[in-house]
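Numbering of the sequence shown is given in our numbering, commencing with residue 1 and proceeding in unit increments.
Honestly, the hints are just simulated from the structure, not real lab data.
A hint or two may mislead.
Said to hold, decoys possible - Straight-line distance between alpha carbons at most 30 Å, and here's what the computed DSS-like set of lysine-lysine pairs gives:
no. : residue 1 : residue 2
1   : 111       : 167
2   : 156       : 181
3   : 184       : 114
4   : 106       : 184
5   : 156       : 114
As the list claims (entries may be wrong) - Pairwise CB distance ranges, derived in the manner of DEER restraints:
no. : residue 1 : residue 2 : range
6   : 36        : 129       : 36 to 46 Å
7   : 145       : 5         : 42 to 52 Å
8   : 123       : 178       : 15 to 25 Å
Each residue gets a CB set at the ideal place from its N, CA and C atoms; glycine is no exception.
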Amino acid sequence: MTNSVIHTITRDSDNERQRIDQITLLDMSLRFNPDIIVVGEMRGAEANVSQEAARTGVAVLTTIHSNSCEATYRRMVSLCKRAVDMTDETLMGYVTEAYPIVVFCKQLENKERKMMEIMECEILADGTRNYRSLFQYIITENTMEDGEFVIKGYHKQINSISESLSKRFLENGMSLDTIEKLKKKEV
């Protein structure tokens, strides 16, 4: 197996022609026909280029600061608006198409980071969106012991993936065995 990872980095400069920002790097990366693009963190107008890249079929992995899975989509819309003048509805359509799955992580009071929720946004035939929580971290205990927070819990599958996401996974190389596991809701 050959590792064909290309690492890029931004470079600030007073000379506009020598400045390299995330938007430039994202645009250039698409010329290499990548399988995956990883954007360190979306904090501005690069969110628009990222969703455009993801809607071409490239897997785009990124991070963004938000308060929940659903709030992540709204935050992406507000960041995209820094680059383009489009309605919230249009941009929401784009970002939910680009990122059908959102993972929400949070640092709890005990300073541990937990994956709190994995959500799918299914776009239905009439254009409406169905937000479906796939997995959640269920907190079973939240106490103080010797002045320290003690938080216990477990991850639970809440819903199965949609047929449209199942099809998308299959077309992009996921095994049927793995897809079947995601389609079964564990009781």
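How the hints compare with the structure:
1. 111 x 167: Status violated; Cα separation ~38 Å.
2. 156 x 181: Given pair residue 156, residue 181 holds - Cα atoms ~13 Å apart, limit 30 Å.
3. 184 x 114: Roughly 23 Å separates the two Cα atoms, so the pair holds.
4. 106 x 184: holds, 26 Å
5. 156 x 114: holds, 13 Å
6. 36 x 129: 36 to 46 Å: Since residue 36 and residue 129 have Cβ atoms about 25 Å apart, the given range 36 to 46 Å is violated.
7. 145 x 5: 42 to 52 Å: holds, 44 Å
8. 123 x 178: 15 to 25 Å: Holds, since residue 123 and residue 178 (Cβ atoms, about 22 Å apart) stay within the stated range.
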